[in-house]
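Q: What follows is each chain in one-letter form.
Number of protein chains: 2
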Amino acid sequence: MSATLENNFPQIGNIQNLLSTFLAKTSYSQLVVLCDENTHQYCLPLIKNILPENTLIAKIPAGEVSKNIETCQLVWEQMLQKNCDRNACVLNLGGGVVGDLGGFVAAVYKRGIDFVQIPTSLLAQVDASVGGKTGIDFQGAKNILGSFAQPQKVLIDVAFLQTLPLRHLYNAWFEMLKHALIADAAYWQELTNQRPEDIADWTSLIEQSIAIKYEVVRLDPLEKSWRKILNFGHTVGHAVESWALQQQMDILHGEAVGIGMIAELYLSHKLLHFSEEKMWTCAKQIKKYLPKIILQPQSFTEILHWSMYDKKNAQGEIMAALITDIGKAQPQCVVCAVDFEAALVFYNKVIQYE
Amino acid sequence: MSATLENNFPQIGNIQNLLSTFLAKTSYSQLVVLCDENTHQYCLPLIKNILPENTLIAKIPAGEVSKNIETCQLVWEQMLQKNCDRNACVLNLGGGVVGDLGGFVAAVYKRGIDFVQIPTSLLAQVDASVGGKTGIDFQGAKNILGSFAQPQKVLIDVAFLQTLPLRHLYNAWFEMLKHALIADAAYWQELTNQRPEDIADWTSLIEQSIAIKYEVVRLDPLEKSWRKILNFGHTVGHAVESWALQQQMDILHGEAVGIGMIAELYLSHKLLHFSEEKMWTCAKQIKKYLPKIILQPQSFTEILHWSMYDKKNAQGEIMAALITDIGKAQPQCVVCAVDFEAALVFYNKVIQYE
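Protein chains in written order, with our numbering: chain A, 7 to 360; chain B, 7 to 360.
Note that these hints are calculated values from the structure, not bench results.
You may find that some hints are simply not true.
[Unchecked claim] Straight line, CA to CA, 20 Å or less: simulated EDC-like cross-link-like pairs of lysine to aspartate or glutamate: (1) B:230 / A:120; (2) B:290 / B:190; (3) B:294 / B:283; (4) A:298 / A:360; (5) A:293 / A:331; (6) B:31 / B:120; (7) A:88 / B:83; (8) A:294 / A:226; (9) B:334 / B:221; (10) B:294 / B:323; (11) A:230 / B:120; (12) B:334 / B:190; (13) B:88 / A:323; (14) A:88 / B:308; (15) B:88 / A:331; (16) B:294 / B:282; (17) A:88 / A:203; (18) B:334 / B:226.
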């Protein structure tokens, strides 16, 4: 049975301590650890000695390609073979894919069993770990199947970040910049005064990002309205991501959101009178950490087409969360196709700007 | 987004009136009608003229065999092709399989869209239509994947029952007898004073059965404890059903529950001092409508084995809801293997009794 969000702020600390404290307070009939090839190798050893001997270790292939219903079926099969009952608990040890898929696996198994998120990537720690969204991709479209289900606990250890390549720190950085842009101008200053590669201890920044997301989700857990501000950068971003994945282009979620944020800064300026000067300053801050992907004008129509599949839309209109100022967001703005394409033109201008 | 149970008692009447009233009050972006081969032929014509022209009709094969994840995928695929957004609504036109599967399809599509149950079998009308359980089978085990999600509305028309064969009326009769046994001695008298084949208007009986289930579910929607009384007959019943389906035996859910209730009347006598005389009277009433299936002693172990997979179990113990008197139930009783087998022996004795 899924937990509630209230009083369930993620815990940050040493994973051995956090997890053994949690396990000591519970009496699950069976533990299941879901990991991918990478977290099996690098992260599982950090917790293995505190897991009961009969723990089921379910390993899935790494990457977005395995975030599908077939992978879920492989996990359910193992859980059924192990005779997992409703009193079993799934520990999701991994990044966003493991957390999203593992949450869905648990939310649907026997109509819902407990699960714990142990996010191991910076992106998952600052973003996917809060919010109670679970989901998988279907037929190439992102997160089409899923449910709202809160984990029993979210346990975060910055030690997991030591093995992360720089590109994956950047990947999370975009979401952190997003948190600042939609809700906290001081946090924006703090972030843009430093570079991810120089940060020795991530704890305080992770806490600030989580606090922003946690508060937004608490006010609107089922995303009726206000929570949609978290989608800033995601209307264009998801469309670019889906399009790029179909092209088998190497792009990370955060990078797509970075591209999307630059485009949506333009939309914020165009539609909500966000200042032109700040639009440029913010865009250049985001651009610093992006690979130089130029979107060819002939692909605009396809990207626009992908945005039509977005879950956020209603009645065939493209919807976006935009900002009126740094730290101030509006959840639901209608975007027409012409402005959508003009935003991609602006992005191309920014990314080519020296 | 799923609705809540409160103030959402099923509506009974003419389906044309009920459905057009509902549709007039809502503004869905897309309607999806889920039906099986039978309801496509016999029931869809009764509502077709009030559906918008662009309604997506998704037809699945009839029967429990299609209650699986592959069938869900076929429906999701069609919904995605039709570009269904979060403001779409699924109308489940059919018996238990269509309602359970269609509810799951809707509960998980884009993290949950609206759905309406239009149960067309008597069993679905008295049982599956209330409770907010959705689910599908997985690897031969019943309802292993699913979620709790309330339909926006449940619309019932007894006109659908006219095409039902007698065996399917009996199939529901067992669940109605169950409602009486766990909660309402007067209803038990009313039911056992007549035969399903003689009933001209089902409305009042359907209302009484639904009222019992509705009240139980309202008190405990997520089946933490009290709601489990609805499982009377289902611990043995589900095990017999799973075992029989694996043997490719022709058995209906209600029939399995009928068998299960006879066995669990014995367990109620043995474990909760339910009177021996009433045990026999009740068992004979149930037996009247059962096919003469004798469970060979050599299959007891296999049936017991299936009961181990039951979602109701915890910590490896077999759990059952039992009764202390007609109309009085206890939700969670532990049953040992020896008593489980003795209950099957009792069932065999009853079914062979002339």
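Q: Are the hints correct? Go through all of them and say.
A: Now the hints, each set against the structure:
With a CA separation close to 14 Å, the supplied pair residue 230 of chain B and residue 120 of chain A stays within the 20 Å bound. Restraint check: the Cα-Cα separation between residue 290 of chain B and residue 190 of chain B comes to about 18 Å, which is no more than 20 Å; the hinted pair holds. Restraint check for residue 294 of chain B and residue 283 of chain B: the C-alpha separation of about 17 Å stays at or below 20 Å, so the hint holds. Distance restraint check for residue 298 of chain A and residue 360 of chain A: the Cα-Cα separation of roughly 11 Å lies within the 20 Å cut-off, and the hinted pair is therefore satisfied.
Proposed proximity of residue 293 of chain A and residue 331 of chain A is supported: the alpha carbons are some 19 Å apart, at most 20 Å. Proposed proximity of residue 31 of chain B and residue 120 of chain B is supported: the alpha carbons are some 14 Å apart, at most 20 Å. Restraint check for residue 88 of chain A and residue 83 of chain B: the C-alpha separation of about 31 Å exceeds 20 Å, so the hint is violated. Between the alpha carbons of residue 294 of chain A and residue 226 of chain A the distance comes to roughly 33 Å, so the proposed pair goes past 20 Å and is violated.
A C-alpha spacing of about 14 Å is found between residue 334 of chain B and residue 221 of chain B, which places the hinted pair at or below 20 Å, so the restraint holds. Distance check on the hinted pair: residue 294 of chain B and residue 323 of chain B sit about 32 Å apart at the alpha-carbon level, beyond 20 Å; violated. Taking the CA atoms of residue 230 of chain A and residue 120 of chain B, the gap is about 14 Å. The hint holds against a cut of 20 Å. Distance hint between residue 334 of chain B and residue 190 of chain B is fulfilled; the C-alpha atoms sit about 8 Å from each other, no more than 20 Å.
A hinted pair counts as satisfied when its Cα atoms are at most 20 Å apart, and residue 88 of chain B with residue 323 of chain A qualifies at roughly 15 Å. Restraint check for residue 88 of chain A and residue 308 of chain B: the C-alpha separation of about 18 Å stays at or below 20 Å, so the hint holds. Distance restraint check for residue 88 of chain B and residue 331 of chain A: the Cα-Cα separation of roughly 38 Å exceeds the 20 Å cut-off, and the hinted pair is therefore not satisfied. Simply put, residue 294 of chain B and residue 282 of chain B have alpha-carbon atoms about 19 Å apart, close enough for the 20 Å limit, and the pair holds.
For the proposed pair residue 88 of chain A and residue 203 of chain A, the alpha carbon gap of about 43 Å is over 20 Å, so the pair is violated. With a C-alpha separation of about 17 Å, the suggested pairing of residue 334 of chain B with residue 226 of chain B holds against the 20 Å cut-off.
Against the hints set out earlier in the document, violations occur for numbers 7, 8, 10, 15 and 17.
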